[in-house]
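S.K.: Could you put together the complete structure from these sequences and hints?
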Amino acid sequence: MKNSLKKTLSTLLFLALLSACAVKTSEPSNVPDLQETQAVNGQAGYQANAILNTDLIFTIKSNEIFDGNAVMAFSEALQEGKLQFTANDISYHYEPLGQDSYRIYRLTPVAESLLGRVEPVNGGILSNELLAAIETALAKETRIFEHLGTTYVLSENRKAVQISTIADAAIANEYYLEAYDPTYNEMIRAYDFMLNLEIALQQQERTFSYESDSFGVLAVSGGYSISDSQSNLFAELSNIYVIPRSNNTAIPLGFKNLVRDAIVNQKEGFTYSDSLGAETNYQVEKLENSWSVDPIK
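One rule links them: number in the numbering used here = place in the sequence shown (from 1) + 157.
Don't read these hints as lab results, they were simulated from the structure. Be careful, since some hints might not be right.
Cross-link-like lysine-lysine pairs, in silico, DSS-like; alpha carbons within 27 Å at most [said to hold, decoys possible]: (1) Lys454 to Lys443; (2) Lys454 to Lys424; (3) Lys297 to Lys218; (4) Lys316 to Lys239; (5) Lys424 to Lys443; (6) Lys316 to Lys297; (7) Lys218 to Lys239.
M.R.: Spelled out as structure tokens, the structure:
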């Protein structure tokens, strides 16, 4: 009986020791990112198509209504070379802001000139000074003039000439602005941010300001790089769209910049280094209306 008990205790002790030896005591390791691992092993990479955008992108000022009817009316005016158009019973005027960029104003009529006589509209009153400024602009056939800090536009309204004040409504251009940090996308799509950037580009300035912050502008292949006050890359402005073939893939801006550089400079490929330092070679193939970007296997 004693021998049997000793054997049982010995067996239990042996099994306990085996279980203790089988237990791991090290810290858990981080799970590697699948996409990064594949990129390092050269088995996968970004697959994308690139197109040269020719469609207008609209940035609309807050509290302004610039709907599909207004977009269509503006596009027709642009094609016909007319600077004024009307949509939803609202008159607009636009001015070129830069390359493939336009600043659109909403007009508020204050006076009308017919057969050489200037009359106020909508129950308004014209001061003698403003009346004289309007008559001078009419005599000189000036399209835009300023009076006491207010800008006025002359436009045709049937057989009369309409005199209106202006207010910003929208900006139209072919370039898309994308932030390196998506949390800033709302800021860069604000009307005043885009307006200040476009004015800087029009005047060939290398800096611009927005809400007391300063930004730098640098021309690069396919667009412009925007930097913050610390000279860190902040956003990219380009009319070359680089689109992933998979909806589940987000392509970094650094990769898009290399694609644009290859397209503009007619390169057959480039090398991209990911966040882990792994390099992948890519080929860029020109198609009929786009470019195909694929990793070289």
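S.K.: Now tell me if each hint is right for this structure.
M.R.: Going down the list of hints, with the structure as the test:
For the given pair, Lys454 sits about 19 Å from Lys443 by alpha-carbon distance, which is consistent with the 27 Å threshold. For the hint pairing Lys454 with Lys424, the CA-to-CA distance comes to about 18 Å; that is within 27 Å, so the pair holds. With a CA separation close to 32 Å, the supplied pair Lys297 and Lys218 exceeds the 27 Å bound. About 16 Å separates the Cα atoms of Lys316 and Lys239, which keeps this hinted pair within 27 Å; it holds.
With a C-alpha separation of about 10 Å, the suggested pair Lys424 and Lys443 falls inside the 27 Å cut-off, and the hint holds. Distance hint between Lys316 and Lys297 is fulfilled; the C-alpha atoms sit about 18 Å from each other, no more than 27 Å. At roughly 22 Å between alpha-carbon atoms, Lys218 and Lys239 fall within 27 Å of each other, so this suggested pair holds.
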